[in-house]
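> Here is what each chain is made of, one letter per residue.
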Amino acid sequence: MTTEPIPDQPRRKVKNFSLLSNRAGAAFLTPAGLLVSVFVIVPFFWVIFVSFTNRTLLGKTALSPEFVGLANYFALFDPSNFFQRGQFGFSLILTTQFVLASALLGQALLGLLLAWLIQTVPAWVKRITETFVIAAWILPEVVIGFAWFAFLDRDQGTLNALLTGVGLPKGDFLLKQPFWVIVVFNTWRGAAFSMMLFSSAFSSIPPSYFQAADVAGASSWQKFKDIGLPLIRGHIVTDLILITMWTFNTFTPFLLTNGGPSYRTELVSIYNYRVAFHDFQFGKGAAVGVIMMLINLAFALIYLSIGRKKKKG
Amino acid sequence: MSNRLRSLALSLIGATAFVGSAFAVDLDITCRCVIGGVNSGTAEWIENSVIPAFEAANPDINVNLNQFGGEDAQLTQQLALDFSTGAGPDVTAFDGFLIPSFVEGGLLKPLNEVAGAEVDDWSGWAALSDGSRALMQYQGKYYGIPLGTDVRMIHTRKDILAEAGIDADTWQPTSWEDVLDAARAIKKIKPDSYPIQLNAGVAMGEATTMQGYWLALLGTGESVTDENGKYIVSSQGILDTLILYKTIYVDEQLGDQRAQLLADGRNRSFANFRDGVTALLFEGDYFYRSVTSEGAEFAVADRDNVMGWAKVPAKEPGAGIRGQDFVTISGGTGFVLNPATDTPKEAWALLSFMNEAEMQNAFQAIQPRITARTDIEIPNSPFLTETSQTLLPLTTARPNDENYNTVSAEIQRMTEAVVSGELSPEEAMAQYKASVIGIVGEENTVSLL
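These protein sequence lines map, in sequence, to chains A and B.
So my numbering is basically just the index in the first sequence, starting at one, shifted up by 815.
So my numbering is basically just the index in the second sequence, starting at one, shifted up by 8.
Excised from the complex, chain B in its bound form (with noise of 0.2 angstroms):
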């Protein structure tokens, strides 16, 4: 062999050798997860089981963390900016109302026509009841795996409950007074407290819909749409909802004004509840297993003795929704696809690994939560068991629909317009009116009024 022959071979394999390197697939994954932060136990889940679980059965493949320590509302923004460019993460958490909007938008396709027939093969669909399947679906398709669901409820300080001369055992309010009247009866001995949190306001996005306002509003026998799918635009049980605002944040200053008004109000009101400022807290179960968990930001110090659970009243005994005397509401999350992904099977590897029983089991381990998959026990947890048992068969959702997500902004501005004492309920049910009936149209609106 001549020499030229020589290197020209030489240089044919170390050419080899970097395509070879260059089969190397790089997966990026984000969540609204930050280590020591938001949603802790996620994000070390991801980074400490999941990943390196995943790379020793896939030595080709590198998978990399964002972990995005902003609002809910802005990975929203940057997922739908990201997506609609054909950037963004392979996989991403996802909240399961937003998938109405984004398919409709073109931003989300099927898991089978991302990654292929495999999504369908999967192993794993087995194991997820029909209803928790439902959470990332729309219209018969499938768009995510979920993770898990929630239920909301009042979380509670015994604490401060006892200093007000309440039996924070046993204390269960069957109507929208009886929550007032323990408020007030704190108030009276703490005037510097702020013992109600009912989430209000622009700022805390969809935290106030879920939290907030949909729970009152349930109590009122009404939901944010009719049986057919219309959006109720005004009715004597918006009304209602928007005096009981009123009454905790204007009238009686039952409930921190400025929390529902500030950039950071959310962490407010978190911080407010494990400073013992607010009693009563109206959130999901995460608010317990994740963030006043142990380790966690808004760690409430000893958590267990500390903290009890209340179902939420309905206004009256009887009047809430179907007639019922107390009222929840679950949302659903998951991990989707991005539809741009470069590497979708890959990228499908990497989502159906993480919803293994195995790596739910890791996950489990980490935050004890309420899983999709059947085959995951829920944890030795008492205020699970207790909650998910009580709270599940109470439990509503939110209408499967691409325009939600838009009237959903519409009344965190109504119920901010009325915490902040610039319009009266009447006043911000008709501008909520007239914003709803520009969004979806006046034929898919109904006035119960």
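Chain A on its own, in the form it takes in the complex (with noise of 0.2 angstroms):
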């Protein structure tokens, strides 16, 4: 321990020009951060309590839930049945599919594409497709959910009368290709996102760097490799962290399958809902829920130190 004074360390004052006296912002601050420590801070720690307990909706533990410790998150991450089918793991691995499939592949690189596309055709073919893109983000997730159904049913469905139409056989998408089916579904709804992102990313760059480009002869693909791409890099970053989050706690894929059959598309969301509110063992999706809050920090995490890395080099 030591005995030297600490010396005064030079503070650099700011004086800002305030409106209001300190009491006054904080009697005005009051009522706000009441309701929002109501609604969003005092749950926050009553779903990490309950994940310790293995409270109940239904049955005795509903009334007289016990502690448990770590009881629940031993029982998620058992590795005798981790990765069996309806299990933490098995839908855990599933999301990350999912998020690599449908929202980095697919989300991501359509956009890009369509982002890319939609620069030099003509403005009226421009709105169309940005109106359609949007269109599909935009609707009602509950009307897209039943409209994707019909389409895909295999008796009735407008896919399968398309097919058969053009003499190919029918399919039974739902059932046999069920995991495919939510990938391409969650393309289509959340492309619009990134489209719009890049687009006015694009439309930023200095159209001097492509005219100069094209004095060059470089070839469309020279032009979006070398100048379109490095350009909007901290909008990539950006679009990457948020399709992934959305994609990770994504729950619409649960109107087409229902996370069926046989939890084939158990998406973590849809694992949560399932274990509380399904099964009724709240301690249990407690913990699921806690988990999904922390994997969703650790990779704001990733993305925002990769985003940093990128800028200084």
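Quick caveat, the hints were computed from the structure, so don't treat them as lab data.
Ideal Cβ positions, reconstructed from N, Cα and C, are used throughout, including at glycine.
Don't take each hint at face value.
To be verified - Per the computed footprint, the stretches of chain B lying under chain A, defined by three or more beta-carbons under 8 angstroms from a beta-carbon of chain A, are: (1) 83–92; (2) 95–101; (3) 212–221; (4) 405–418; (5) 439–446.
These two chains come separately, so use the hints to put the complex back together.
Right, dumping it as structure tokens:
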């Protein structure tokens, strides 16, 4: 322990113009602060607390839940059944594949491609494309879910009517390829965001860069690779952060498949819903929720650090 | 009287009139029933008989029926969440097997605790047999008034059996092999058909456990629990049952595998029967009186000539539970009171009113069935008379256990794993064992293998 007196740090005082006194400011903030703490912060800690209990909705443990420590977490990560269908590990891996396939490959690439293509097409083609892509994004989830369900149905579905119309065999997509159904669905649904973000990013690049490239005889691919892409790198990072999180947490595929058949489309969010609100195991469901929060946090930190490094380099 | 006083007096009268009308009570009643849809008869009865008569007798009470068109499990989910937050209908239809788990969770209270001593004084109790009262009872207390019970059997399409050269009027299988042979004979002449429907999978919910798995399991001489109430988690009976599922849905495709896996599979299985794709369907008596009756969504044309029924055989003669040759199981439904109702007296008045003989007779006129009241005669329905007389002596019931509901969900998962071809019967049973031990604790389970 040091006895040396700590020298006073020279403080840089920034005198801000203030509209209100500190006290008045605090008084005005209090109602909002109370609401936030009642509806956000308290539930947040409540979920963490519940995840350490065996609380349920039905049965004895509903009235007298016991503190079980980390038992819920151990049950989720039980190595003997971790990878079985219908268990946490299975849905985690499924969700990872879903994010890779539908968000990173599907939405981001499709969005990037669309954004690049609509830079050069006539304005009316651009408008029509944007309208359709954005419609897929803004329509209510339930409407979209039922529309796709009707589209894919084996017996009365539009897709099979089209396939048999051109002499191809019928497919039983919702039952036989459920994972790819939700991947295509989510790509279709979410490409609009990436497209809009990249489109505005591309249009912020000064046209003179491309004109100079044209003079030098660059191909479209070279312009894309050497001018477009490097200049929107920051946007790409932002896009990946956001769509990864949205896709990781998305629940809409439930409307198409109910998480089935046989758990083959049970993403983590659907798994969480089933445990908490179908099986009524609130404690275990809360534990899943806490893990999901941590994973979201980790994603955000990883992407942010990549983004920072790239900007420095 | 000054003007000021007069206006004060007038406004006071106005205010009292307003308060007077505010005394009118609104009651909500919910059932999984939709006029022209699922359980149409129940909805018609409540809407057209119960509500007008009750409102006429109680001018201050308005009754509103919520017709719930979703699945059984979805209504359970809604009621559980509603009751836990003090919301929900005042009176609701309820399946008796859910009572223990709701009671232990604090979501249901005994009728006389909710509505007071009037409950014990109700004259209708005398007309309910001990057996039927037990359907809505837990640990000696009544949580609802039973409406009736049911029995399970094989419903047959006589026209299709006849096509396959089977005498449908006398067809009565005495073993599983007999049932499979009949299905094979039908499959031979109609290769695109799925002759058998034995419910499986998660989407069908409790219908999988009650009408599928359990009917087969009883035929092996076992039940879900043993005589001490412990859950049997591995046994030859479970394996035989899962092998039967595998034979029907995977090995020989005698049943429609898709209908077991899709979210709306139960309706597809009903449609299969209506359309003649399925000829042998394991269901309760309500399948005849409600699901396939005239005007219903799955109405079978010329029902009384086309449809027949047979007892569910044990695996081999004498191999069934208690050494029986044939097996069946019964459940019970009724109506319960929401413990958080604002108007318990009025809610009880409605509940008891609809269970009086007069209203029950009105129900019988719409949809004849086996009622809980002893003073209501079984109507002139040969089907109901025969099935109840034949099957009630053979019947079994589910355990009155708070964990049953959760274990039942595991049974649905186990059968789905087998009929989807994803797991072998042995693997599925091993998973079931691990899950049930996790739910009830190892000391409450027993392994017979």
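> Now, for every hint given, state plainly whether the structure supports it.
Each hint tested on the structure:
Counting residues of the segment 83–92 of chain B whose CB falls under 8 angstroms from any CB of chain A gives 4; the rule of at least 3 is met. Beta-carbon proximity to chain A at under 8 angstroms applies to 0 residues in the segment 95–101 of chain B; the threshold of 3 is not reached and the given coverage is violated. Given as covered by chain A, the segment 212–221 of chain B fails the check, having 0 residues with a CB less than 8 angstroms from a CB of that chain where 3 are the minimum. Against chain A, the segment 405–418 of chain B contributes 5 residues with a C-beta closer than 8 angstroms to a partner C-beta. That satisfies the three-residue criterion, and the hint holds.
With 3 residues having a Cβ less than 8 angstroms from any Cβ of chain A, the segment 439–446 of chain B passes the three-residue criterion, so the hint holds.
In summary, the structure is inconsistent with hints 2 and 3 from the numbered list given earlier, while agreeing with the others.
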